[in-house]
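Following the hints, position chain B against chain A.
There are 2 protein chains.
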Amino acid sequence: MERTLAIETPQKIGQEITLQGWVNTRRDHGKIIFIDLRDRTGLVQVVFVDAKDAKDLRPEWVVEIKGLVKERPEKLINPKLPTGKVEVEAKEIKVLAKAKELPFDTGTEDLNIGLPVLLDYRALTLKHPRIQAIFKAQEAIAEGFHQAAKEIGCTEVFAPTISASSTEGGAQVFRFNYFNCEAFMVQSPQLYKQIMVGIFEKVFLFSHIYRAEPSVTTRHLCESIQMDCEIGFVDFDELVFLLGKTFAKTIAYAQKKCTKELEFLGVAPSLVEGKIPRLTMREAQQIIFERTGIDHQQEKDLMPEDEKEISLWAREKYNSDLIVITHFPTKKRAFYTMPDPENPEYSLSYDLLYKGLEISSGSQRIHEYNELVAVIKERGMNPENFKMYLQAFEYGMPPHGGFSYGLERSTMKLLDLENIREASLFPRDMERIDFRLPKKEA
Amino acid sequence: MERTLAIETPQKIGQEITLQGWVNTRRDHGKIIFIDLRDRTGLVQVVFVDAKDAKDLRPEWVVEIKGLVKERPEKLINPKLPTGKVEVEAKEIKVLAKAKELPFDTGTEDLNIGLPVLLDYRALTLKHPRIQAIFKAQEAIAEGFHQAAKEIGCTEVFAPTISASSTEGGAQVFRFNYFNCEAFMVQSPQLYKQIMVGIFEKVFLFSHIYRAEPSVTTRHLCESIQMDCEIGFVDFDELVFLLGKTFAKTIAYAQKKCTKELEFLGVAPSLVEGKIPRLTMREAQQIIFERTGIDHQQEKDLMPEDEKEISLWAREKYNSDLIVITHFPTKKRAFYTMPDPENPEYSLSYDLLYKGLEISSGSQRIHEYNELVAVIKERGMNPENFKMYLQAFEYGMPPHGGFSYGLERSTMKLLDLENIREASLFPRDMERIDFRLPKKEA
Chain A
1 MERTLAIETP QKIGQEITLQ GWVNTRRDHG KIIFIDLRDR TGLVQVVFVD
51 AKDAKDLRPE WVVEIKGLVK ERPEKLINPK LPTGKVEVEA KEIKVLAKAK
101 ELPFDTGTED LNIGLPVLLD YRALTLKHPR IQAIFKAQEA IAEGFHQAAK
151 EIGCTEVFAP TISASSTEGG AQVFRFNYFN CEAFMVQSPQ LYKQIMVGIF
201 EKVFLFSHIY RAEPSVTTRH LCESIQMDCE IGFVDFDELV FLLGKTFAKT
251 IAYAQKKCTK ELEFLGVAPS LVEGKIPRLT MREAQQIIFE RTGIDHQQEK
301 DLMPEDEKEI SLWAREKYNS DLIVITHFPT KKRAFYTMPD PENPEYSLSY
351 DLLYKGLEIS SGSQRIHEYN ELVAVIKERG MNPENFKMYL QAFEYGMPPH
401 GGFSYGLERS TMKLLDLENI REASLFPRDM ERIDFRLPKK EA
Chain B
1 MERTLAIETP QKIGQEITLQ GWVNTRRDHG KIIFIDLRDR TGLVQVVFVD
51 AKDAKDLRPE WVVEIKGLVK ERPEKLINPK LPTGKVEVEA KEIKVLAKAK
101 ELPFDTGTED LNIGLPVLLD YRALTLKHPR IQAIFKAQEA IAEGFHQAAK
151 EIGCTEVFAP TISASSTEGG AQVFRFNYFN CEAFMVQSPQ LYKQIMVGIF
201 EKVFLFSHIY RAEPSVTTRH LCESIQMDCE IGFVDFDELV FLLGKTFAKT
251 IAYAQKKCTK ELEFLGVAPS LVEGKIPRLT MREAQQIIFE RTGIDHQQEK
301 DLMPEDEKEI SLWAREKYNS DLIVITHFPT KKRAFYTMPD PENPEYSLSY
351 DLLYKGLEIS SGSQRIHEYN ELVAVIKERG MNPENFKMYL QAFEYGMPPH
401 GGFSYGLERS TMKLLDLENI REASLFPRDM ERIDFRLPKK EA
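Going down the list, the protein sequences come from chains A and B.
Counting from 1, one number per residue, gives the positions in the first sequence under this note's numbering.
Counting from 1, one number per residue, gives the positions in the second sequence under this note's numbering.
These are calculated hints, taken from the structure and not from any lab test.
Only a predicted model underlies this, so the values are computations on that prediction, with no experimental measurement involved.
Heads up, none of these hints are tricks.
A pair counts as met if it fits within one copy or between any two copies, since identical chains are not told apart.
Computed cross-link-like contacts, DSBU-like style, restricted to lysine-lysine with a CA-CA straight-line distance of at most 30 Å: (1) Lys98 with Lys332; (2) Lys245 with Lys136; (3) Lys94 with Lys150; (4) Lys136 with Lys387; (5) Lys94 with Lys387; (6) Lys150 with Lys245; (7) Lys136 with Lys150; (8) Lys275 with Lys245; (9) Lys100 with Lys387; (10) Lys150 with Lys66; (11) Lys98 with Lys85; (12) Lys52 with Lys100; (13) Lys377 with Lys439; (14) Lys12 with Lys55; (15) Lys439 with Lys387; (16) Lys98 with Lys377; (17) Lys98 with Lys331; (18) Lys245 with Lys257; (19) Lys377 with Lys94.
Bound-form chain A, shown alone (with noise of 0.2 Å):
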């Protein structure tokens, strides 16, 4: 008999069905047990009149049942359950697979487990309802990002991660013997999505970046996936026009299709949809000093306080979760940010903050060969080690820019988680990988 998934039963009352699933939760009333069956579509109530046809089943054991559809009487209804007006009345049971007893209750509404136990324990974590609403939204947020990177004209594209060369900071990035040379994990896809400007004029691409940072943060991993853009023949406004939109449409596009999990999780929609304001750093720090008194204006960067000040502006004037501020300092942003002509001590960068995080960073780009030689030699690196970047712009590159966001800050923000790990499915850290690392020395 062809399988009813638990989300179809309500429109099977009456009939006789196969489910297979999952035992979520088992409920013993002495003569009669109830279990709520899981699978990938939610949860249904079945029941088993003669117990001992059920008196073994443990939670997570994978089961097949057959039974018949029934409705619940009016004052029996769950309603939290989408199948909560339906019960089905076991026939037969095939177990497929048992598992070992719970190492703690995952049948209640949230997981009351710490961090360490929750990544100790992934493979059965996941399972919980609440752990794998936060990866269906991480689906649709990638999803949401094809989309809009397809409706502004981009190809995707697919780079490399292994490279000859550490181009963006030197300590923190992971190095590996490579047929007896030295070859680095990329840290970001930067230089590749450039090169390709100069084929498709505009890209979009996935990647997974690393980061060796020896640090242990809410916001930081050491192997993310990241988001890209990067776009020609633009102005420095129409980046800044896109960096908004393309995240704006991600999330709303995030929002719309997982609207059920949202609710699920008490979640409430961000503030997408409006205008995007956009201020220079300068005038965000202006703006916060008249708002606390705290006065930053001196520094080089907004502060993570700052971030969360300038948002909060944003959220009581502009009813907008997200801001762009622009105009960082150059010597603060990447060599081939391209400086303000107008005053070439701040640059045509920008940042994408949402709900008072940086969500997104990115800038013009210098697109003139001599140029970014020049720049390239000024900080001290070597134009040897950008040898088919700069081949790229050897060959006219057109002027262009971009920006990229981050899958699982993206996700984390969306949720209002409160630790990175929790939107990373198998979270790699200095600290673990899957389980936590053995200590050694140096």
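Chain B in isolation, oriented as in the chain A frame:
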């Protein structure tokens, strides 16, 4: 004035427009100069009636041209260009970026250069319309897989590429120092995608995979893109069906989207619409023996020439460029492969061949925890190295299986390319990361 793309020019006869793009070729006729301008949509001819306006222009310069779109006389229509019935009479030109002299002629229909030069000048050679077409087809394959996987109900997931143990062959893996512990780049996302079946039942993912194989062949890379599916609550026959169907849909989608590119490259569409034939390995060996008189019936695997021969058979007999081979010897397959219960010497495994080459490999998996641990030990491996993977099986794993396709290999075979390096934007092999690596002693 808003930019007009090359492809839009035939709709703008009699209008003044602005073009932006690269000088693809330049033809000097004394008083008059013609250039073919290239943008992301193709080529359009621009004529400079006053040669001095264009005398400095050289291939790959990036320019903005204001001009008048004119219909060409019937006899001058260039049928090779989609924009061949018009030309743009230049009124104004602005140089956005110059290019240095090209090392070889890129304006010819084919790039007449060998593979090393093709790759040494990758940032330049990727601009050639024939090379661009390869990567438009690659994008379409990725999109096609995305859609095909969604159609069968898979959730997209993002698996890590840093691993704490080397799980599928020790020598051919890149290892590195990870905060004073040893870590590895994954050779496949296999273990993580199986874990995710315990969560979402059906998953798909794009992943980078890394193989430190010290050999140079026409069909292997050290870093490549893998497209994976893993599916729960299925039996072997369904898996074999989904293996072929998913790939057939992927290729059919790409062929439909890239009709123009395939025509341009002179590639005949693959035969993927009909029924996909299916043989066991032993049946295939017997057919090959009958057809060729060469007896490989004692071999434990199909040899490359066997794959070619049986693919010919499939094409002749079934008019299919695809064929599935099943039941490879259990010992020749990965530890997690389910042995055939009726004859455990052979396994519930399969390969998909596409135009004579293995394009996918997979199997039904062992889903019972104790059986899996026993196999790991039998093969001399340590269950401790599979701790997170095994955790998924401890807590209830349904019957499942899966398959994966290499993106570059799919691109190569779709387009009848001779070397997989042609199907990777920036191929990594034991001799090359962008450029040829320096030779070093071990």
